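Chains as they are written, first to last, in the UniProt record's numbering: chain A, 1 to 377; chain B, 1 to 377; chain C, 1 to 377; chain D, 1 to 377.
Do not rely on the hints blindly, as some may be mistaken.
Some residues of chain D that are not near chain A, with every Cβ distance over 12 Å (derived) [what the hints assert, rightly or not]: (1) Ala35; (2) His39; (3) Gly46; (4) Pro49; (5) Pro158; (6) Pro180; (7) Arg222; (8) Glu262; (9) Lys263; (10) Glu311; (11) Gly312; (12) Ala316; (13) Asp362.
Covered stretches of chain C (chain B as the covering partner; in silico rule of three or more C-beta atoms under 8 Å from a C-beta of chain B) [claimed, not checked]: (14) 48–58; (15) 166–176; (16) 269–277.
Hints were generated in silico from the structure; no laboratory data involved. The structure presented is a predicted model; accordingly, all values stated were derived computationally and were not measured. In this text, a Cβ means the ideal position worked out from N, Cα and C, and glycines have one as well.
There are 4 protein chains.
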Amino acid sequence: MVGGGQGAYIGNIHRIAARQDGAWQLVAGAFDVDAARGHAFAAREGLDPARSYDNYKAMIEGELSREDRIDAVAICTPNFTHFPISKAFLEAGFDVICEKPLTATLEDAIALEKLVRDGDRFMGVTYTYSGYPMVHEARHMVATGQLGEIRTVQVEYPLEWMATAIETEGNAQAVWRTDPKKNGRGGSIGDIGTHAYHLAGFVSGLKLECLTADLATFVQGRALDDNAHVMLRYQGGARGLLWSSQVALGSSNGVRLRVFGEKASLSWFQEQPNELVHARLGGRTETIKRGADDLSDAAKARTRTPPGHPEGYLEAFANLYAGFAEAIHAKRERREPTDIGRDIPTAYDGLKGVAFVDAVVDSASAPNPFWMTPVAV
Amino acid sequence: MVGGGQGAYIGNIHRIAARQDGAWQLVAGAFDVDAARGHAFAAREGLDPARSYDNYKAMIEGELSREDRIDAVAICTPNFTHFPISKAFLEAGFDVICEKPLTATLEDAIALEKLVRDGDRFMGVTYTYSGYPMVHEARHMVATGQLGEIRTVQVEYPLEWMATAIETEGNAQAVWRTDPKKNGRGGSIGDIGTHAYHLAGFVSGLKLECLTADLATFVQGRALDDNAHVMLRYQGGARGLLWSSQVALGSSNGVRLRVFGEKASLSWFQEQPNELVHARLGGRTETIKRGADDLSDAAKARTRTPPGHPEGYLEAFANLYAGFAEAIHAKRERREPTDIGRDIPTAYDGLKGVAFVDAVVDSASAPNPFWMTPVAV
Amino acid sequence: MVGGGQGAYIGNIHRIAARQDGAWQLVAGAFDVDAARGHAFAAREGLDPARSYDNYKAMIEGELSREDRIDAVAICTPNFTHFPISKAFLEAGFDVICEKPLTATLEDAIALEKLVRDGDRFMGVTYTYSGYPMVHEARHMVATGQLGEIRTVQVEYPLEWMATAIETEGNAQAVWRTDPKKNGRGGSIGDIGTHAYHLAGFVSGLKLECLTADLATFVQGRALDDNAHVMLRYQGGARGLLWSSQVALGSSNGVRLRVFGEKASLSWFQEQPNELVHARLGGRTETIKRGADDLSDAAKARTRTPPGHPEGYLEAFANLYAGFAEAIHAKRERREPTDIGRDIPTAYDGLKGVAFVDAVVDSASAPNPFWMTPVAV
Amino acid sequence: MVGGGQGAYIGNIHRIAARQDGAWQLVAGAFDVDAARGHAFAAREGLDPARSYDNYKAMIEGELSREDRIDAVAICTPNFTHFPISKAFLEAGFDVICEKPLTATLEDAIALEKLVRDGDRFMGVTYTYSGYPMVHEARHMVATGQLGEIRTVQVEYPLEWMATAIETEGNAQAVWRTDPKKNGRGGSIGDIGTHAYHLAGFVSGLKLECLTADLATFVQGRALDDNAHVMLRYQGGARGLLWSSQVALGSSNGVRLRVFGEKASLSWFQEQPNELVHARLGGRTETIKRGADDLSDAAKARTRTPPGHPEGYLEAFANLYAGFAEAIHAKRERREPTDIGRDIPTAYDGLKGVAFVDAVVDSASAPNPFWMTPVAV
C-alpha cells in the first residue's frame, strides 16, 4: 500500500476490505509522505520493518529485490500522485489497485490507460458502489432486458461535509480536495460526481453521447465547484440527470440511482443498500432483497449473509478487492475469471471518469447563449 | 363551474375541495361541451335546472341576470379554453378560479394577467401543492431565515400514467394533453413541470434568472415532451434542478422538493405530505409534523387534524378554495386577508408558469454548442 | 349533533366528514352542556336558532315536532353520556351515529345493543379506522383467502399525548378520560385499545376466544391504565398481540396492524394509510396503492383520488358517514346497501368493544399465578 | 473452531467476523461430525493439516500438546452439544466463545455458568445484536438518564424461514432446531426470542421480575413453538412485550426494539441498523446516525465508517469478536478492558437466556384460569 497511513480514512477502509475475504494480506507499504510517521504506522500494523519503505520508489526497488514480492499495490494517495505512482509500479511489472479519480488531469489519464491497455498488467480502480450486490443485480436486470429500453436515469450523490470552509480550518483532506493542482479540475463533480456517473453507466449499460453542465461554488473562497448539475444525453436517445454536492446539509453519502425503462424501473439508495425497488408497467412496486434465492449469479457471488442481516459499505469494498484478486489470478492463469472477478472497475473506467469531469468543466465554463430567461419570473 | 362534468377527474376534486370547509356551494354550471350531458350531470348534482347552462357564454348571461348570482366561477376545462372563458367571466365582472396552466400560449397569459392586474377582479390559479400546510411551513422557515441563504433547490414531479401511448387508446385527457393546439407547447413540462417550478419558487422565495433545458419524447408518435430536465439559475446565485416526467414507471404523483441552505435543509414529499424533514448544520435530522404546536400561523391556518391523523390532497385543495374565498371576501371588504387568504396562487403565478414553459421549450429546441462530448465514454 | 361544540376536537371532525361527500347537512344540535355556549356555537355554524337546543332532551322534543326533522343524530359527548342520549334518541325513533366506546359500562352496552337489535333503528359507531379504503382492501384479501389461514395478528395503537399528568393541568378531555365514572373501566385500553381490537377483528375476520392482559399506569395519580398489553387467542387457533399506550413518546396516532397468514401477510400503518404492504410465501414484498385499478369494490367505493394523491383521516371518517347514510337509506328503502354501506361499524361492534375492555380489566386485575419468574434475570 | 464447517451458515459468519479487525486468526478446528468432511474443509481454509482434528476431544488434546496453542475456541455446533464441548474446553484451560443459546437445558446452563464463575476462564456468548454500535448508543442513552425512567419496552424478532415444514424437506438446520432433544424446550422463543430478550435487557438495563407467555405451533407436526407472545414485568415497574416468530411471512430478520421512557423514546431496527430514532417529550423526532461526532465512546469504539456508509451485521459480529479478544487480553494482563471489551455478552447472559426460555415454556404450558373470554366477540 502506498499512502493510507495514520489518520487516513480511506486507507483503513482499503485494509479492512482487503482482509475481509482472506484473499489479501498487507505485507509492505510506504504509508506516509513523512517517512518516520509511515514507519511508525507500519510497526503498529505489525509489518516486517524491512518492508516499510520511505517512499514509493524505495518500495518498488525493495519489493523487486524480493522473491516474496507483493502481488499488487494499493494506491491511496491524493489524486495528483495517482499518475506517477501507478505508472512507476506498472512499469516495474506490478499489478495496481488505485483510488479514483484515476489521475488529476485528462492527459495523465489517457497516458495511464494506454499504458495499461498496451501492457500486461492489471489495474483496478475503486469505484466502490459498483461492488454492492444489489447494484450488480440492477445491472443484470437491465442487461437481460427486464426494464426494456432505458429512457432516463436519475443519479445523485449529495454530501454535507464541505458545507462550510473546513479547508481553512485544518481539515487535511479538504485542503487538497479544494486545490486544483492536487485534486484536478472537478470539485464535487470530481470527488463524487464521478462515482455517480460510473454507477449510472454501470447499471444502465448506456454510453454517454454528450452533456451540458452547471457548476457552482457556494462556499466563499473555494477554488473548485462544490455543487454540480449535469444533463446527460446517452447514445441511443436515453437521457440522464446528475447532481453532486458537497454542501447538501443532511446528506451523509446519499448516493441514489433510479433507472426508468419502458417496461420497469429500478431504484437503489446506498444508505439502504440491501434493497432494490422494482416497479413494473401495470404492476406493483416490489422490493428485491439482497440474499434472496432468485437473484443473479453476479449478485450471489457478492453476498455473504441472508436477507435481513444487512451487509454494507465494507462488504461492497471487499467485493472489489475479492474481484481484483480473482481478476489477477485469472489473468496469470490465462482463464476467464469467475463471477466475482467480472464487471469490475478498470483503468478504462478511470479514464472515462476523468474525461467526464473534463467535459463537465468545459461545458460549465463556456459562454452559453442557450440559458433562457422567461419573460416573467 | 365551467367544465368538470361527468367523468372529469379534476372537476370532482374541485367540488369536494370547495365543499370541505363550507365556504363554497355549487349553484350553477356549464359542465360539458355536450350540453345535454352537462344538464344531466347538473341534475345528478341537484342543481336548479335554470342554472345549468348550455355553455359558458349562456352562463355569464344567465348569472348576470340574477340577483343571487355566483360569487366566482371555477374553470376546469382543457388548457386552450382557459383564456377565452376566463377573459369573458372577468370582463363580465366575475371573480375567477382557474386550473393551471393559466393559458395555452404565452401571449394569452400576458394578456390575461394584464386584464387581472388592470382590473378589479380576483383570479386564483390552482397550484395545488401550495395548499399543503407543510409547504407553507417550509416557506415560512425559509422566509424567516432558518435555512440561511439558499444554495440549491432540487424539485421533481415524476408520473407514470403516460408511459405508453394511451392517447391512441381512447384516454380523453391524454388526447388533448398531447395535442399542442389544445395543451400548449409543453408536454410533461407544462402539465406537471409547472407545478414543480411553482412549488420551488413558492417555498424558496427565489426568482429565476435563467434556465437551460433538455426535453425528450420517449413514447413514439407523441407530439410533445414526456420527460424534461431543466437546470435553473436563480437571481442571487442559487441553483436548481428540475425533473418532470410522464413516463416514470413506479411514480404515482411523486412531487418531491428539497431546499438546501447554508444553515439547514428541508425535504418534502407529496405522497407523505404531513412531514417535513429538517437537517441543520452540525445538528441532527428531525421530522416536523403537521399539527404540532410550534408551527407557523400559515401552517396552522391550513390544518384540521392533530399530528398522526393524516391530511392529504383534498385538504390541500380545500385550503386553496378556502384561501380564494377569504381573498375575495377581503377584497370586497377592503381589508387584509387572514392567514388562509395569504400566499395563494394568482394570475401572476399563472403567467410565470406559462413563461417558464416557453423558455424551457425555446432552450431545448435551440442548437446548443455547449453540449460537450467526453473523449472517452 | 349532540356535543361537539366550541373547542371539541372530535365534533369538528364529524362535521367535516359528514359534509365531505354532500350526503349530510348539519341542521340542528345541542352542542354544549353550557346551553349559552352551545347556542353561540350554533350561530357561528349558521344554524337556524330554532334548532339550537338547550340539551338533548329539548332537541328530541323539538325535532319530533318538526316535519323536516333530522335524519339522524351524531353523538360526540363523553363516554358515560353515550348510553342515555343514544337510548333516548333511539326510543324517540331517530337513527343514531355514536362515538366509541358505545357506553361506559358493559351493562349499558348490553342494554343498548339489545335495544338496537330488537328495534328498527340504525345505530352506527365511529370506529374510524375501518373507514380507510386500504383497510377494506386488507379485509377483502383475507376474506377471499389470499392470506390463507390466519396465524397471528399484531396490532398496536400508541399515543404520546398523556405522557405527563395533563389531566391536572386543565386539559378537559384528559380530565374525563382519566375519570372511571365518566370514561369507563379502561384507560388506554378503552380509548384506543378498542380501536386496535376492532381493526384486528375487522380485517382478520377472526372472533376472539379469550385473552390475558397486563395493565399499567405510569403517570402517578392517574386512576386508569395508560398502557396495556394483551395476548389474544382467536377461535380456530390464531393468536394476537395488542398494545395500546397513551404514554409512548414519539407516537402521534401510530395505529399499526399486521396480519400473518399461511400464504401471505399484510401490514398497514395509519400514518401512511394509502399503502398496504403485502408479502407472499416465496414471493417478494409488494406495495398495494390506494386508487389502483385492481383493488376490490369495497376499496374503490371509498376512494376519491388516484394513487399518489394521498387521502387521509378525514376521508376515512367521511367514508363512515357516507356509509351510514347509505345504510340508513337502504334500510328505509328495504334494499341491500351498496358497497359504501356495507361492512360498517354498528352497535354490535360497539358492544364487542366494551366487552373486550371489561375482559381485559378483569384479566389484568386477577391474582395471576402463571406469571413466572426465571431462575436468573 | 468446533463445528461451522462446509455449508454451515453461522460458521462462515464467525470466521468473517473474527478476521475483520485482524484480532483473530483461524489456526485449528474440528469442523464436522464427519471427520473426513471436516478435514477437507480445513484444507480449503488453508489450515495446517496437523491442526484439523477428528473431533473436539482430539482438538483439546492436540492443542494442549502445542506451545502455539489456540487462544480461544469458537463453538458453532447445534445447541445440545454446547454444554459438553464448552465444559471440556473450559476445564482444559481454554477460553471459549459459544453460540447462543448457552445450552439446551436449564440444568446445563446453571452448571456451565457456575463453572465459568468459579474458574478463571473467559466465556463469551454471541448475542449478535448487542454488537451493533447504535445498540450501544441506545444503552448509553438509557444508562445516562436521557430517557428518564423506563416505562415500557416493545421488542420483536419475526422471521419467515420456517413458515412451512422445511424440516421435513431436508433443511438440516431446521431438523435439529425443531427437535426438542437437540434444540432445547423453546422453538422460536429459544432460537430468536432469546435474542430479543437479551437485546431488551441490554439496552434498557432492566431486570425481569416475571412473565406470562403464550406459545403456538402453526406448522403441523412441528414439535416446538414457532410463534411466541410474552408479556414482561420488569423489576421496578416497567413493562415489556415480546414477540418472536419463525412463520411471519415478509420478515427476514426483523429485530425491532422500542424503549419508552418518561423523557424520551428510542427505536432501533436491525435491517436499518445505522440509525436510532429518538423522540423527546415536547420535542421533535430526530435520527441519530452511526458515525456522528457526538456519540458515546461505546458506539465510537464499534464504528469503522463515517455516517452514510452503512455498516451491517458482519461488523456487529466483528465487534463481538474484537470485544472478546480485548476482554481476554485484559483478563490475562489483569487490567480493565477498553471500550470495545466492555458490555459484551458472557456466560451469565447465556444463562439468563436459557432461564427465560424455561420460564416462558412453563408459563405457556400451565393451565391458566386468567384467560378471560369477553361476553361478546
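Looking back at the hints listed earlier, which ones does the structure fail to meet? 3, 5, 10, 11, 12, 14, 15
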